[in-house]
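S.K.: These are the residues of each chain, in order.
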Amino acid sequence: MNQIQHRASSEAVLSRRSFCRRAAATLAVPYVITGTALGAANRAPASERIVMGTIGTGPRGMDNINNFLANPDVQMVAVCDVRGQRRKAAKAAVDKYYGNQDCAAYIDLRELLARSDIDAVMIATGDNWHTMASILAARAGKDIYCEKPMSVVLGEGRVLCQTMQRYGVIFQCGTQRRSIARFRFAVELAQTGKLGQLKTLYAEKSPDWFGGFHEKTLPPEPEPPREVFDWNLWLGPAAWRPYNPKYAERNFWGGHRDFSGGMITEWGSHTVDLCQWANNADDTTPVEFEPAQGTIIAHYANGVKLVFEEGVWPLHVRFVGTEGEIYVDDDGNMRSKPESLLAGRKFDKGYPQANHVRNFLDCVKSRQRPIAPAEGAHRANSTCQIANICMLLGRPLRFDPQTEKFVGDPEADRMLWRAYRPPWRLV
Amino acid sequence: MLRQLLVAVGLMAALCGAGISTLAADDSLDKAFEALKAYDWGKERAPLRPLEEAVAAAGKDAALAKALEKKLVELLKSDVSQAAKDQICRQLSLVGSADCVPAVAELLPDEKLSHMARYVLERIPAPEASKALREALGKTKGVQKVGVLNSLGVKRDAESLPAIVPLLADSDPQIAAAAAAALGAIGTSEAAKALADFQGKAPEALKLAAADAYLACAEALLAAGKKAEALAIYKELTKSEIRHVKLAATRGMMSVMGKKQ
Numbered sequence: 001m002n003q004i005q006h007r008a009s010s011e012a013v014l015s016r017r018s019f020c021r022r023a024a025a026t027l028a029v030p031y032v033i034t035g036t037a038l039g040a041a042n043r044a045p046a047s048e049r050i051v052m053g054t055i056g057t058g059p060r061g062m063d064n065i066n067n068f069l070a071n072p073d074v075q076m077v078a079v080c081d082v083r084g085q086r087r088k089a090a091k092a093a094v095d096k097y098y099g100n101q102d103c104a105a106y107i108d109l110r111e112l113l114a115r116s117d118i119d120a121v122m123i124a125t126g127d128n129w130h131t132m133a134s135i136l137a138a139r140a141g142k143d144i145y146c147e148k149p150m151s152v153v154l155g156e157g158r159v160l161c162q163t164m165q166r167y168g169v170i171f172q173c174g175t176q177r178r179s180i181a182r183f184r185f186a187v188e189l190a191q192t193g194k195l196g197q198l199k200t201l202y203a204e205k206s207p208d209w210f211g212g213f214h215e216k217t218l219p220p221e222p223e224p225p226r227e228v229f230d231w232n233l234w235l236g237p238a239a240w241r242p243y244n245p246k247y248a249e250r251n252f253w254g255g256h257r258d259f260s261g262g263m264i265t266e267w268g269s270h271t272v273d274l275c276q277w278a279n280n281a282d283d284t285t286p287v288e289f290e291p292a293q294g295t296i297i298a299h300y301a302n303g304v305k306l307v308f309e310e311g312v313w314p315l316h317v318r319f320v321g322t323e324g325e326i327y328v329d330d331d332g333n334m335r336s337k338p339e340s341l342l343a344g345r346k347f348d349k350g351y352p353q354a355n356h357v358r359n360f361l362d363c364v365k366s367r368q369r370p371i372a373p374a375e376g377a378h379r380a381n382s383t384c385q386i387a388n389i390c391m392l393l394g395r396p397l398r399f400d401p402q403t404e405k406f407v408g409d410p411e412a413d414r415m416l417w418r419a420y421r422p423p424w425r426l427v
Numbered sequence: 001m002l003r004q005l006l007v008a009v010g011l012m013a014a015l016c017g018a019g020i021s022t023l024a025a026d027d028s029l030d031k032a033f034e035a036l037k038a039y040d041w042g043k044e045r046a047p048l049r050p051l052e053e054a055v056a057a058a059g060k061d062a063a064l065a066k067a068l069e070k071k072l073v074e075l076l077k078s079d080v081s082q083a084a085k086d087q088i089c090r091q092l093s094l095v096g097s098a099d100c101v102p103a104v105a106e107l108l109p110d111e112k113l114s115h116m117a118r119y120v121l122e123r124i125p126a127p128e129a130s131k132a133l134r135e136a137l138g139k140t141k142g143v144q145k146v147g148v149l150n151s152l153g154v155k156r157d158a159e160s161l162p163a164i165v166p167l168l169a170d171s172d173p174q175i176a177a178a179a180a181a182a183l184g185a186i187g188t189s190e191a192a193k194a195l196a197d198f199q200g201k202a203p204e205a206l207k208l209a210a211a212d213a214y215l216a217c218a219e220a221l222l223a224a225g226k227k228a229e230a231l232a233i234y235k236e237l238t239k240s241e242i243r244h245v246k247l248a249a250t251r252g253m254m255s256v257m258g259k260k261q
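Those protein sequences? They're chains Y and L, same order as listed. Quick note, in the numbering used here, the first sequence goes up one by one and the last residue is 427. Quick note, in the numbering used here, the second sequence goes up one by one and the last residue is 261.
Hints are computed from structural coordinates only; laboratory data are not their basis. A couple of the hints might just be wrong.
Claimed, not checked - Simulated pairs of lysine-lysine, DSS-like, Cα-Cα distance not exceeding 30 Å:
(1) K246/Y with K207/L
(2) K239/L with K365/Y
(3) K193/L with K235/L
Stated by the list, open to error - Derived DEER-like restraints, expressed as beta-carbon distance ranges:
(4) M254/L with D362/Y: 21 to 27 Å
(5) D172/L with A239/Y: 21 to 27 Å
(6) E106/L with E310/Y: 45 to 51 Å
(7) R398/Y with G138/L: 40 to 46 Å
(8) A181/Y with K246/L: 35 to 41 Å
(9) A232/L with S47/Y: 32 to 38 Å
(10) E227/Y with A224/L: 45 to 51 Å
(11) T403/Y with E106/L: 31 to 37 Å
(12) T192/Y with G200/L: 52 to 58 Å
(13) W209/Y with M254/L: 44 to 50 Å
(14) Y97/Y with A46/L: 46 to 52 Å
(15) S97/L with E290/Y: 26 to 32 Å
(16) G200/L with E221/Y: 45 to 51 Å
(17) A46/L with A114/Y: 44 to 50 Å
No residue lacks a Cβ here, since even glycine has one placed at the ideal position from N, Cα and C.
Modelling step: build the complete structure from the supplied sequences, incorporating the hints.
M.R.: Shown next, in the form of C-alpha cells:
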C-alpha cells in the first residue's frame with residue numbers, strides 16, 4: 001500500500017452512498033443516526049452529501065477544490081498528486097477547511113479510486129492524464145468533473161465517451177463558460193434564430209503562451225524520491241524519458257504534443273465548444289479544414305464556417321448570422337448587431353466556475369445530463385485536434401464525423417491515436 | 001539520393017502550398033539524418049525539423065514515404081541512442097509500412113523501447129503489424145507483455161485469441177487483466193466464451209477488470225448485430241456483486257431492448 005495518509009474516520013466518510021445503504025440496513029439492524037449524519041447549519045445531512053476526492057492539486061486543482069468546498073453538500077475526503085508539495089498543501093487546505101486532519105493524501109490515483117466511500121472525483125491533472133484518470137474513475141463507478149481539454153489525441157476522447165456511456169456515470173467537462181449567463185445568452189441567440197441563418201463562427205485561439213509546439217527533450221537529472229515526485233506516474237501513458245523537472249512546468253508541457261494539444265485545445269476547448277454549441281453541433285465536427293495564414297478555417301456539413309481567430313486577449317467568441325451577430329468575451333464585453341439584441345441586458349464579468357460545479361453536483365444527485373457532457377466536450381476538442389493536425393501537415397483535410405476518420409488521408413488518420421505506455425490502457 | 005527526394009518534396013511543396021514550403025532544396029535532409037544519428041536527450045531538435053517536414057509531406061508522396069522509411073529503418077537497426085530510436089519510431093509511426101515491421105518488432109521485448117515499438121505498430125494498419133504483435137506474446141514478459149496485449153486489443157485482433165486466452169490464468173495479475181481487456185475489445189463470440197469462464201474464476205482483485213472486459217465484449221457483440229449474445233452477458237452481469245457493474249449491465253440490457261436511458 002503506497003498510501004501516504006488515510007485517516008478518514010468512519011463518521012467523516014459517511015456518504016450519500018453509504019448512508020443510504022446503512023439506512024436500508026436498519027430494516028434489519030438498528031443504526032444510530034449521528035449529528036454528522038443529520039447535518040448542520042453549513043453542512044448537508046449524509047443522505048444529501050456527495051463524498052469526493054481530488055486528483056491533481058496544482059493551481060487549477062486548488063481553485064476547483066475551493067469551488068467544491070463552497071458547497072455544503074460536498075465532503076472532500078481525499079486528495080491525490082504525484083508531487084509531494086502539492087499533495088501536502090492540498091491536504092492542509094482541506095483539513096483547515098474542516099478543522100480536522102481527516103483528508104487522506106495519495107500519490108497513486110488508483111488507491112483513491114479504490115475507496116468505496118467516494119462518490120465522485122474532480123480531475124485537474126495535466127492534460128496528458130485527463131482521459132486515463134476519467135476512464136479509471138468510471139471503471140470504479142465514480143462520477144467525474146474533469147478539467148478540459150479531455151484528451152490529447154482524438155481517439156482517446158472517443159474511448160472516454162464510450163466508457164462514460166458504459167457505466168452511465170455523470171461526466172462534466174470543466175468548460176465552465178457553458179454555465180456563465182452571457183455566454184449562454186449568446187449561444188441562445190444563435191440557436192433560436194435571432195441572428196438569422198448562422199453563417200460564420202469565430203473561435204479565438206488565444207495568444208500563444210507556449211510559443212508553439214516544440215517537442216523538446218531535456219537532459220537527464222537525478223530522479224527524486226517517489227514521495228517528492230513520482231516521475232513514472234507523472235508521465236503516465238506518455239512515452240518514457242529520463243527525469244527533468246522542467247517537463248512538469250506548465251509552459252513546457254503545454255507546448256509538447258506528448259502532453260498537450262497546445263493553445264488550440266487549451267483555448268479552443270472553450271471557444272470552439274461555444275461555437276459548436278451555438279451551431280447545435282455538440283454531436284459532430286466540421287467536415288473540411290484548411291490552413292489559412294497561420295490559422296485554420298473549417299466548414300460544417302450544414303454550411304456554417306468556423307474560423308480559428310488569431311489570439312487577442314480577452315478570450316472571446318463571435319457568432320455571425322444573416323440577420324445579426326454577437327460578440328462576447330471574458331471581460332464581460334458584449335456587442336451585437338443590431339444593438340437591440342442586447343437592449344436591457346446586464347451580465348457579470350469574469351469566468352467563475354461556481355455555477356458549473358453546482359450543475360455537476362445537482363446532476364450527481366438527479367442523474368440528469370450535465371451542461372458539459374462527454375460527447376459535446378469530445379467533439380469540440382476533436383475539432384481543435386483536427387485543426388492541429390491540419391496545421392502540422394499543412395494541407396487541407398476532409399473529415400467524416402460519423403467514422404471519426406479523415407477522408408483519403410491515411411497519414412492524418414494515424415495522428416488520431418497513440419499507443420499508451422503500459423500498464424495504462426484505453427480499451 | 002536524399003537530394004533527389006528533396007526535389008520531390010520541393011515539387012510537393014509547390015503543389016500543396018503552406019506547411020512544407022519551408023523545405024529547401026539543399027542538403028538539410030541529409031543533415032537531419034546525421035543529427036538524428038547523434039541525437040540524445042536534451043539535444044537541440046531544430047536540426048531534425050527537415051526530416052519531420054519531409055515525413056509530413058510524405059503522406060501524399062508514396063515514393064518519398066518509402067525512401068524515408070528505408071532510411072529510418074537503417075538507423076533504427078544501428079547503434080544509436082535510446083533517444084534517437086524514440087525519435088525514429090515517432091517518424092516511422094507516420095510513414096512506416098509492412099516493410100518496417102520486422103525491424104520495429106525486434107524492439108517489442110526491449111524494456112526501454114517496447115512502448116515506442118508499439119507506438120509504431122498500433123498506427124500501421126497492415127496485417128503484418130498485428131502478426132508481429134501476436135508473435136511477440138511468446139517473446140515478452142511482465143509489463144512489455146501487458147503492452148503487447150493492450151495493442152492486440154486496440155487492433156481487435158481476433159487471430160490472437162488462442163494465444164491470449166491462456167493468459168487469463170497468468171500468475172501476474174497485470175497480464176491476466178490485460179488479457180481480459182484485450183478479449184473484451186476483440187469482442188467475438190469466442191472471446192465472450194472465454195470471458196464468461198473468467199468471471200467465475202477471476203481472483204477478487206481482478207473481478208472489476210473481468211467485468212469491464214465482459215461489458216466491452218457485450219458492446220462489441222451488440223455492434224456486430226449479435227443481440228442475443230450481448231443480452232446474455234448483460235443478464236449475467238446484473239448478478240454482479242459490484243453495484244456499478246450491475247447498473248451498467250442493466251443499462252446494457254435496456255440498450256439491447258432499444259429503451260432510451
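S.K.: Any hints from earlier that this structure breaks? Give me their numbers in increasing order, please.
M.R.: Per hint list: single violation, 1.
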